[in-house]
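Protein chains in written order, with our numbering: chain U, 1 to 114; chain X, 1 to 114.
One thing to keep in mind: the hints can contain errors.
[To be verified] Sample of chain U residues at the chain X side, in silico, Cβ under 10 Å:
1. Pro79
2. Trp83
3. Ala86
4. Ala87
5. Phe90
6. Leu102
[As the list claims (entries may be wrong)] Derived contacts from chain U toward chain X, CB cut-off under 7 Å, selection only:
7. Tyr27
8. Ala29
9. Tyr32
10. Pro40
11. Gly43
12. Leu44
13. Leu46
14. Arg69
15. Gly100
16. Phe104
17. Gln106
By construction, these hints were calculated from the structure, which means they are not laboratory data. Note that the structure is a prediction, hence the values are computed from the model and not measured. For glycine and all other residues, C-beta sits at the position ideal for the given N, C-alpha and C.
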Amino acid sequence: AQSVTQPDIHITVSEGASLELRCNYSYGATPYLFWYVQSPGQGLQLLLKYFSGDTLVQGIKGFEAEFKRSQSSFNLRKPSVHWSDAAEYFCAVGGINQGGKLIFGQGTELSVKP
Amino acid sequence: DSGVTQTPKHLITATGQRVTLRCSPRSGDLSVYWYQQSLDQGLQFLIQYYNGEERAKGNILERFSAQQFPDLHSELNLSSLELGDSALYFCASSVQGLEEETQYFGPGTRLLVL
Numbered sequence: 001a002q003s004v005t006q007p008d009i010h011i012t013v014s015e016g017a018s019l020e021l022r023c024n025y026s027y028g029a030t031p032y033l034f035w036y037v038q039s040p041g042q043g044l045q046l047l048l049k050y051f052s053g054d055t056l057v058q059g060i061k062g063f064e065a066e067f068k069r070s071q072s073s074f075n076l077r078k079p080s081v082h083w084s085d086a087a088e089y090f091c092a093v094g095g096i097n098q099g100g101k102l103i104f105g106q107g108t109e110l111s112v113k114p
Numbered sequence: 001d002s003g004v005t006q007t008p009k010h011l012i013t014a015t016g017q018r019v020t021l022r023c024s025p026r027s028g029d030l031s032v033y034w035y036q037q038s039l040d041q042g043l044q045f046l047i048q049y050y051n052g053e054e055r056a057k058g059n060i061l062e063r064f065s066a067q068q069f070p071d072l073h074s075e076l077n078l079s080s081l082e083l084g085d086s087a088l089y090f091c092a093s094s095v096q097g098l099e100e101e102t103q104y105f106g107p108g109t110r111l112l113v114l
């Protein structure tokens, strides 16, 4: 069965520092991979997605993610974190013959220190 | 603002009761998804509709049902409510309901069962 693991439940970084949020997936074929962000009281907003091609994908708000097939990973990165990036981040996987169903990881809560 | 609307924003009810959550997709989107977000289960896919027809089904309880109407809005009906049904229920929409499409999430309906 497909699954997504986000090993870090909570991460704290200082404003201006770099950020990497980890995501590992379990899926038989090449999955469709997504990162969403959820701010308090808000719905989920798509940051970026990967289907094929260049394994380094750029998203909104200065985020990027790299697909590494050999490691079954799709880690999210940002070179310099802003206080407004504090939120919960979800990695999700979709795939062939599943309709539009997304399987989400447990989420990583990001806190930003001034 | 994603363009997906959900009503009501908050709902408080008692065990054994029945409630209906409503979702209006973005203009032009034909597919609607329902997800449940709870502390113990995380974000879980419930069901997907495309142009009025069920397309994919997840871990949706038999006490729960959904439909998509001709005007494309969708309703999620939860009956015989239990304490464990307390959660945030999200609706999302996409254009054609394909795996690679971005799903746009509404702000959610927070359900509290007492």
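Taking the hints in turn, this is what the structure says about them:
1. Contact between Pro79 (chain U) and chain X, as hinted, is not supported at the beta carbon level, the nearest pair being about 24 Å apart and thus beyond 10 Å.
2. The beta carbon of Trp83 (chain U) comes no nearer than 22 Å to any beta carbon in chain X, farther than 10 Å, and the hint placing it at the interface is violated.
3. Of the supplied interface hints, the one on Ala86 (chain U) is violated, with its beta-carbon coming no nearer than about 19 Å to a beta-carbon of chain X, more than 10 Å.
4. Contact between Ala87 (chain U) and chain X, as hinted, is not supported at the beta carbon level, the nearest pair being about 14 Å apart and thus beyond 10 Å.
5. The criterion of a C-beta within 10 Å of any C-beta in chain X is met by Phe90 (chain U), whose closest approach is roughly 6 Å, and the hint holds.
6. The beta carbon of Leu102 (chain U) comes within 6 Å of a beta carbon in chain X, closer than 10 Å, and the hint placing it at the interface holds.
7. Look at Tyr27 (chain U): its Cβ only gets to about 12 Å from chain X, farther than 7 Å, so that hint breaks.
8. Here the hint on Ala29 (chain U) is broken, as its CB sits about 11 Å from the closest CB of chain X, past 7 Å.
9. Because the beta carbon of Tyr32 (chain U) sits about 5 Å from the nearest beta carbon in chain X, less than 7 Å, this interface hint is met.
10. For Pro40 (chain U), the shortest C-beta to C-beta distance to chain X is roughly 11 Å, which exceeds 7 Å, and the interface hint is violated.
11. Hint on Gly43 (chain U) holds. Least Cβ distance to chain X is approximately 4 Å, under the 7 Å limit.
12. With 7 Å as the threshold, the beta carbon of Leu44 (chain U) comes within range of chain X, its nearest partner Cβ sitting at about 4 Å, so the hint holds.
13. The interface hint given for Leu46 (chain U) is met, as the beta carbon of that residue sits about 5 Å from the closest beta carbon of chain X, less than 7 Å.
14. Evaluation of the Arg69 (chain U) hint against chain X yields a violated restraint, the C-beta minimum of about 18 Å exceeding 7 Å.
15. At its closest, the beta carbon of Gly100 (chain U) sits 5 Å from a beta carbon of chain X; the interface hint therefore holds under the 7 Å criterion.
16. Against a cut-off of 7 Å between C-beta atoms, the interface hint on Phe104 (chain U) holds, since the closest Cβ of chain X lies about 4 Å away.
17. Of the supplied interface hints, the one on Gln106 (chain U) holds, with its beta-carbon coming within about 5 Å of a beta-carbon of chain X, less than 7 Å.
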